[in-house]
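> Given next are the chains, with one letter for each unit.
4 protein chains.
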Amino acid sequence: MFEEKYTLILSEIKNAISAVDAQQTEMLTERLLKADKVFLIGVGRVLISLQAFCKRLNHLGIQAFCVGDFNEPAITENSLLVVGSGSGETAIPLNIARIAKKYGAAVAHIGSNANSSLKEYTDLMVRIPVRTKLNLEDETDSRQIMSSLFEQSLYILCDSICLMISDKKNLVIKELWQHHANLE
Amino acid sequence: MFEEKYTLILSEIKNAISAVDAQQTEMLTERLLKADKVFLIGVGRVLISLQAFCKRLNHLGIQAFCVGDFNEPAITENSLLVVGSGSGETAIPLNIARIAKKYGAAVAHIGSNANSSLKEYTDLMVRIPVRTKLNLEDETDSRQIMSSLFEQSLYILCDSICLMISDKKNLVIKELWQHHANLE
Amino acid sequence: MFEEKYTLILSEIKNAISAVDAQQTEMLTERLLKADKVFLIGVGRVLISLQAFCKRLNHLGIQAFCVGDFNEPAITENSLLVVGSGSGETAIPLNIARIAKKYGAAVAHIGSNANSSLKEYTDLMVRIPVRTKLNLEDETDSRQIMSSLFEQSLYILCDSICLMISDKKNLVIKELWQHHANLE
Amino acid sequence: MFEEKYTLILSEIKNAISAVDAQQTEMLTERLLKADKVFLIGVGRVLISLQAFCKRLNHLGIQAFCVGDFNEPAITENSLLVVGSGSGETAIPLNIARIAKKYGAAVAHIGSNANSSLKEYTDLMVRIPVRTKLNLEDETDSRQIMSSLFEQSLYILCDSICLMISDKKNLVIKELWQHHANLE
Numbered sequence: 001m002f003e004e005k006y007t008l009i010l011s012e013i014k015n016a017i018s019a020v021d022a023q024q025t026e027m028l029t030e031r032l033l034k035a036d037k038v039f040l041i042g043v044g045r046v047l048i049s050l051q052a053f054c055k056r057l058n059h060l061g062i063q064a065f066c067v068g069d070f071n072e073p074a075i076t077e078n079s080l081l082v083v084g085s086g087s088g089e090t091a092i093p094l095n096i097a098r099i100a101k102k103y104g105a106a107v108a109h110i111g112s113n114a115n116s117s118l119k120e121y122t123d124l125m126v127r128i129p130v131r132t133k134l135n136l137e138d139e140t141d142s143r144q145i146m147s148s149l150f151e152q153s154l155y156i157l158c159d160s161i162c163l164m165i166s167d168k169k170n171l172v173i174k175e176l177w178q179h180h181a182n183l184e
Numbered sequence: 001m002f003e004e005k006y007t008l009i010l011s012e013i014k015n016a017i018s019a020v021d022a023q024q025t026e027m028l029t030e031r032l033l034k035a036d037k038v039f040l041i042g043v044g045r046v047l048i049s050l051q052a053f054c055k056r057l058n059h060l061g062i063q064a065f066c067v068g069d070f071n072e073p074a075i076t077e078n079s080l081l082v083v084g085s086g087s088g089e090t091a092i093p094l095n096i097a098r099i100a101k102k103y104g105a106a107v108a109h110i111g112s113n114a115n116s117s118l119k120e121y122t123d124l125m126v127r128i129p130v131r132t133k134l135n136l137e138d139e140t141d142s143r144q145i146m147s148s149l150f151e152q153s154l155y156i157l158c159d160s161i162c163l164m165i166s167d168k169k170n171l172v173i174k175e176l177w178q179h180h181a182n183l184e
Numbered sequence: 001m002f003e004e005k006y007t008l009i010l011s012e013i014k015n016a017i018s019a020v021d022a023q024q025t026e027m028l029t030e031r032l033l034k035a036d037k038v039f040l041i042g043v044g045r046v047l048i049s050l051q052a053f054c055k056r057l058n059h060l061g062i063q064a065f066c067v068g069d070f071n072e073p074a075i076t077e078n079s080l081l082v083v084g085s086g087s088g089e090t091a092i093p094l095n096i097a098r099i100a101k102k103y104g105a106a107v108a109h110i111g112s113n114a115n116s117s118l119k120e121y122t123d124l125m126v127r128i129p130v131r132t133k134l135n136l137e138d139e140t141d142s143r144q145i146m147s148s149l150f151e152q153s154l155y156i157l158c159d160s161i162c163l164m165i166s167d168k169k170n171l172v173i174k175e176l177w178q179h180h181a182n183l184e
Numbered sequence: 001m002f003e004e005k006y007t008l009i010l011s012e013i014k015n016a017i018s019a020v021d022a023q024q025t026e027m028l029t030e031r032l033l034k035a036d037k038v039f040l041i042g043v044g045r046v047l048i049s050l051q052a053f054c055k056r057l058n059h060l061g062i063q064a065f066c067v068g069d070f071n072e073p074a075i076t077e078n079s080l081l082v083v084g085s086g087s088g089e090t091a092i093p094l095n096i097a098r099i100a101k102k103y104g105a106a107v108a109h110i111g112s113n114a115n116s117s118l119k120e121y122t123d124l125m126v127r128i129p130v131r132t133k134l135n136l137e138d139e140t141d142s143r144q145i146m147s148s149l150f151e152q153s154l155y156i157l158c159d160s161i162c163l164m165i166s167d168k169k170n171l172v173i174k175e176l177w178q179h180h181a182n183l184e
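Just so you know, the sequences run in chain order Y, L, P and S. Using my numbering, the letters of the first sequence map in sequence onto residues 1 to 184. Using my numbering, the letters of the second sequence map in sequence onto residues 1 to 184. Using my numbering, the letters of the third sequence map in sequence onto residues 1 to 184. Using my numbering, the letters of the fourth sequence map in sequence onto residues 1 to 184.
In case anyone wonders, no lab produced these hints; they're calculated from the structure. Misleading hints may appear alongside valid ones.
Note: identical chains are not told apart, hence a pair may lie in one copy or across any two.
Unchecked claim - The calculated DMTMM-like cross-link candidates involving lysine to aspartate or glutamate, where the alpha carbons are at most 25 angstroms apart (straight line), are:
1) 174 x 77
2) 34 x 12
3) 102 x 141
4) 168 x 141
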């Protein structure tokens, strides 16, 4: 039963992520490297995937913050906001994206719905073409529960981008640990 | 470049997770279904994978808490503590496991090192056989940075267990959303 | 210097909190006791004061959640949302309050500005009459930095309500610890 | 009833905090100003008081992190760890303090028990002389529930130190907002 389940999950992730436009991920990688500070926003398990991304970006020497962090600084026109939202219609991320644009920051959207309300505030979209909360009836693309496939694909996509950043910065794996928390 | 990276990640996860003993995951699933309350502990990105697990367990009708949550209740002899720790030597999880045993709770360890200090407090281990912080020099099993492979495999393993729970409980996908936060 | 500072803070809190309408706090206490579940929302240090409240409410046997918690359940018409916002204009709390009303939940606002956008969604307001982010120039009421006075007054007000709840429920102090997390 | 409760709380805080040795708070203030990075650790509502402190320290231009933050950096011999623990016996803070000393960092303890296990790792103690979890029977000093008095006193003590830092740095209140998160 376990084998059946992980095989299903990994095969669904592979289908979803191989349908992503690689050029969009290259552009996001460039934006991440160029930004003075990176801010991340999402809700629920989508936020959790971005939190894993946030931690790794910091290990790679990129200053990243989840919105609401205790030491979140002010966003500026040199910053990048990354919004994770399958539907692109989640209220809090929409609000935050609107405010980020007001301060002149760039906004990247990782989501599924290319024609969402977020589009108005978005400089760059990386599209993971899977079902979203808005079209849950459409179960053709995933046999998993709820929005698991988007959350999983987001996690793996972000880790792929981290490996791309690591290459571009010619980082030596052993030296990465110097940025890593060492208190536990 | 993106394709090379996600292919690497997915293939490493597949190797790691297919080396897990399926029977151990069945036993963990049974323990999760039997416990009155489930507690989860880990640090860093391992904790983040468990937080995703925690959210989904609650959607599936299982009362789960990450240690430190604002509404964390008291652990009892009917509870299960799930410890995520590759090395099984992380200080905070070790401490928490020791305290959990003092209260008579069951302790499950998802990790890599089968002969760790955690073993003393562990009723059940699910072993993901990849390198840990303690043997980072041994890079034969992963070309990724840091402990990414353990964190990713843990995430996918936990989501596989969620699908197993969903089957065992005969849950209807559409009805799951009734347990889901609806405020955003 | 330390004495000067804590004397200033305590005297400002006393002024602020003694200007609160006691009847409003009684009504909030009743609502908290009546609700099947309590949800709390705020941002920044206001959220932190509510998190302290959330933890203590759970100790007192009241099911409380901060919006975004890993085990946040669905809000219903029997639930209470408590919004902390000095100005009553903070975007995320406004959104959450609007959604809470849609589900038929009661909404209580603890804030300073009695005529804010939140008013539309509010069943009950507890007003702490101090300056807010919107009228920071008006420094007559506090010599402290930023919105410290609101955050401190909110913290003390919430702890006062907890003592009121403890009395009303005739709770025995020693027995409270049974609801308290015991894993650390 | 509300008046009786807030009067009790404010008078207990005043008693507790006026018994603190002002010189210890001056020394802690100096350490905070001198450190390249500040780390904060505690559990439960004690941690929540430190999180409020963490946020404000960052506003004041001091780099502060709660242990476990997504962007927590490595601690070094130029860093300061602030431990909040009434009893000085809480397992996780003890562990973290031990590790911090291993890396050569300074450790400050804000607590009640002057002769705790933490003493071995502590360079500086600020003592708030109230009861702790270890001597709960001794209820002479507080009529509040659980450890509320320590948590409240810690919150107010930390905000007093922030005002001292603001004075020492000659910070202009209006300019502080430039360090403040602006995304919500």
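> Using 25 angstroms as the alpha-carbon threshold, which applies to residue 174 and residue 77: within, between, both, or neither?
Classified as between: cross-chain Cα gap 21 angstroms, same-chain 34 angstroms, threshold 25 angstroms.
> Within, between, both or neither: how does the pair residue 102, residue 141 come out at a Cα-Cα threshold of 25 angstroms?
The answer is neither: 37 angstroms in one copy and 31 angstroms across copies each exceed 25 angstroms.
> Check residue 34 against residue 12 for me: Cα-Cα at most 25 angstroms, and say if that holds within a copy, between copies, both or neither.
Neither: 32 angstroms inside a copy, 30 angstroms across copies.
> Please sort residue 168 with residue 141 into within, between, both or neither, judging by C-alpha distance up to 25 angstroms.
between (33 angstroms within a copy, 23 angstroms between copies)
Hint compliance for this structure: hints 2 and 3 are broken, all remaining hints hold.
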